[in-house]
Amino acid sequence: MNEQRYQTIEQQISPKPPIGMNMLKAFLVGGIICAIGQAISYFYIIFFDFTEQTAGNPTVATIIFIAMLLTGFGLYRKLGQFAGAGSAVPVSGFGNAVISASIEHRTEGFVLGVGSSMFKLAGSVILFGVVSAFFVALIKLILVTIGVVSW
Amino acid sequence: MIYSFIFAFIVGGLICVIGQLLMDVGKLTPAHTLSLLVVAGSILGGLGLYEYLIDFAGAGATVPITSFGNSLTGGAIAEAEKHGWIGVLTGMFEVTSSGISAAIVFGFIGALLFKPKGTID
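Residue numbers (this note's numbering), protein chains in the order written: chain A, 123 to 273; chain B, 2 to 122.
So here's chain A without its partners, still in its complex pose (with noise of 0.2 angstroms):
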């Protein structure tokens, strides 16, 4: 069987995923994180000295704040089979992959387990976010500079 053969046979038999299910669980999990984030971003914006624009920081370490809860009592993992990229596209998702991999370490110790294995799912977020964040500000100061665009 030639591989070419044996990849059409593998996708008629491999399970389709059900995507519009996923796709409808997704949105509604993925809209009620972020309703809610809006509700601790008034919080902030009526009793902290925060505006629509800046309120975003704060709203983010809250919801981190509220990951580490789920995710140390396990209801994340849970979340996350229902939900699919719903619970793992907000930042939730992103403080859910370094505080488990937090927890799950703890046995090799507080520097070689948990220190070193904090980023083991979350690093390539960080990679990536700050290489094209590089380049694409970069870009940018090299066509203010030759004049094509302004700041």
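Calculated directly from the structure, the hints in this document are not laboratory data. Every residue gets a Cβ at the ideal spot worked out from N, C-alpha and C, and that includes glycine. Some hints could be false.
Pair by pair, the computed Cβ-Cβ distance ranges are [to be verified]:
no.: 1; chain 1: A; residue 1: P137; chain 2: B; residue 2: M2; range: 16 to 24 angstroms
no.: 2; chain 1: A; residue 1: P139; chain 2: B; residue 2: I87; range: 45 to 53 angstroms
no.: 3; chain 1: A; residue 1: N124; chain 2: B; residue 2: G85; range: 23 to 31 angstroms
no.: 4; chain 1: B; residue 1: M2; chain 2: A; residue 2: E125; range: 54 to 62 angstroms
Reference excerpt, derived from the structure (chain B facing chain A, CB under 8 angstroms, subset only) [stated by the list, open to error]:
no.: 5; residue: I3
no.: 6; residue: F6
no.: 7; residue: Q21
no.: 8; residue: M24
no.: 9; residue: D25
no.: 10; residue: L29
no.: 11; residue: A32
no.: 12; residue: S36
no.: 13; residue: F57
no.: 14; residue: G70
no.: 15; residue: I87
no.: 16; residue: E95
no.: 17; residue: I101
no.: 18; residue: G108
Partial list, computed: chain B residues near chain A (C-beta under 7 angstroms) [stated by the list, open to error]:
no.: 19; residue: A9
no.: 20; residue: F10
no.: 21; residue: V18
no.: 22; residue: G27
no.: 23; residue: T30
no.: 24; residue: S43
no.: 25; residue: G47
no.: 26; residue: L50
no.: 27; residue: G59
no.: 28; residue: G61
no.: 29; residue: P65
no.: 30; residue: F69
no.: 31; residue: L73
no.: 32; residue: A77
no.: 33; residue: G111
Given the coordinates of chain A, assemble chain B onto it according to the supplied hints.
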């Protein structure tokens, strides 16, 4: 005010649907999906479009991981404007700091409080 919740729900939900499609149809792993979304956020931030999305959707735009790329780029560009090319490096984490510092601090506290099986110490 009620509309801002609806917009946050719809926009945040749609960004998660894009992630789900990348995983189901694009056959990407969650790590690849999140990396791609962060890069997308960073490019939208560089083009100045992500600001509009935040104005429109509030937490619907700041809570998904795409906002992480946007604020990294935003910090780098703001400092580059003031200090030139070195600002690209010095400004990088100026805006984003809260997400990463919160993840590190709560990751440490979580490791202190919880056991791997999901019970508290």
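* **Those earlier numbered hints the structure runs against, lowest number first** => 1, 3, 5, 10, 13, 15, 16, 22, 23 and 26
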